[in-house]
Amino acid sequence: MKFIYQTWWKVLTVLVILYTLIAGFLFEVPTLPILHETIRNVYFHVPMWMAMFTVFTISVIYSIKYLNTGKEEYDLIVVECVNTGMFFYVLGLITGMMWAKYTWGEFWSNDPKQNSAAVAFLLYCAYAVLRNSIDEEQKRAKISAIYNIFAFPVMVVLIMVLPRMTDSLHPGNGGNPAFGKLDMDNSMRVVLYPAFIAWSALAVWIASLRYRIRLIEYKKNEIN
Amino acid sequence: MKKISLLALLLLSYVGVFAQQGQTVEMADSFRSSGKIYVVIAVIVIIFVGLSVYLFAIDRRLKKIEKEK
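Protein sequences, first through last, are from chains A and B. The opening residue of the first sequence carries number 1 in the working numbering; numbering runs sequentially from there. The opening residue of the second sequence carries number 1 in the working numbering; numbering runs sequentially from there.
Where hints are given, some of them may not hold.
Claimed, not checked - From the derived model, a few chain B residues whose C-beta atoms are all more than 12 Å from chain A:
| hint | residue |
| --- | --- |
| 1 | Ser-5 |
| 2 | Leu-12 |
| 3 | Met-27 |
What the hints assert, rightly or not - What the simulated footprint calls covered on chain A by chain B, stretch by stretch (three residues with Cβ under 8 Å from a Cβ of chain B suffice, anywhere in the stretch; the number is not a length):
| hint | segment |
| --- | --- |
| 4 | 41 to 54 |
| 5 | 150 to 160 |
None of these hints come from the bench; they were simulated from the model. For every residue, glycine included, the Cβ atom is placed at its ideal position computed from N, Cα and C.
Make the full structure from the sequences, and use the hints.
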């Protein structure tokens, strides 16, 4: 936990993201019909989802830790991780809609991937509603921790599993090959994987800032 | 013989269907060669540097408040 107060990894994160911004525009990409230059969106749209998965995963870990120990700090970590994850969730959805408009023809074509992403978003909205509807602190932390642990696998199934079992326009689903061997070459991975790690680290950074603010608020309320 | 040659002709006619293959995918190559893509990169980099400086500033202010306690 000490590392959230350190600076080196934050500098590294910023530098790597700067690299992906520059390389993402300049490096060679495969020439594909329909996609054209929008294939570069892979460097920016997909890392939003990776960042979201990272902070949501951390939130589940701390939900379990909270239930084990009952430490209030862990609950604060969970909340801020979920909040940050929601932020990246919205960014992922909106960038996806933008991309869809120019490749699939419509912002929202009721594609299975889009629909289940929307349902999973509501799942996490319900987390916020559940949390705010309970006044007593310990009860709130416990119930929302349990909810969070169950919401995460459902979200993963909705986003990653169910759309793959039907036909979807989104790459990697149904009869539609992924950005795998076919249409993504190794020159793209040079940018994509650092982008995954760096954007995830950025999400962790933002979540840690929010957590530290909330910790101060929490301690202030405790004294009063 | 006529039937066979007709069949061969029809079988070979698929070659004509591949007219799409030569089609080139439009990429922003000229945009890049004219050099102006660098302007876009510069703008994005400026925005991101600004955002990261902002984040670092928040971090520093938080550290100060944490130390006061």
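Going through the hints against the structure:
1. Ser-5: 36 Å, holds
2. Leu-12: For Leu-12 (chain B), whose nearest Cβ neighbour in chain A is about 26 Å away, the distance exceeds 12 Å, so it holds.
3. Met-27: 5 Å, violated
4. 41 to 54: Violated, because only 0 residues of the segment 41 to 54 of chain A bring their Cβ atoms closer than 8 Å to Cβ atoms of chain B.
5. 150 to 160: violated (count 0)
Checked against the numbered hints given earlier, the structure breaks hints 3, 4, 5 and satisfies all the rest.
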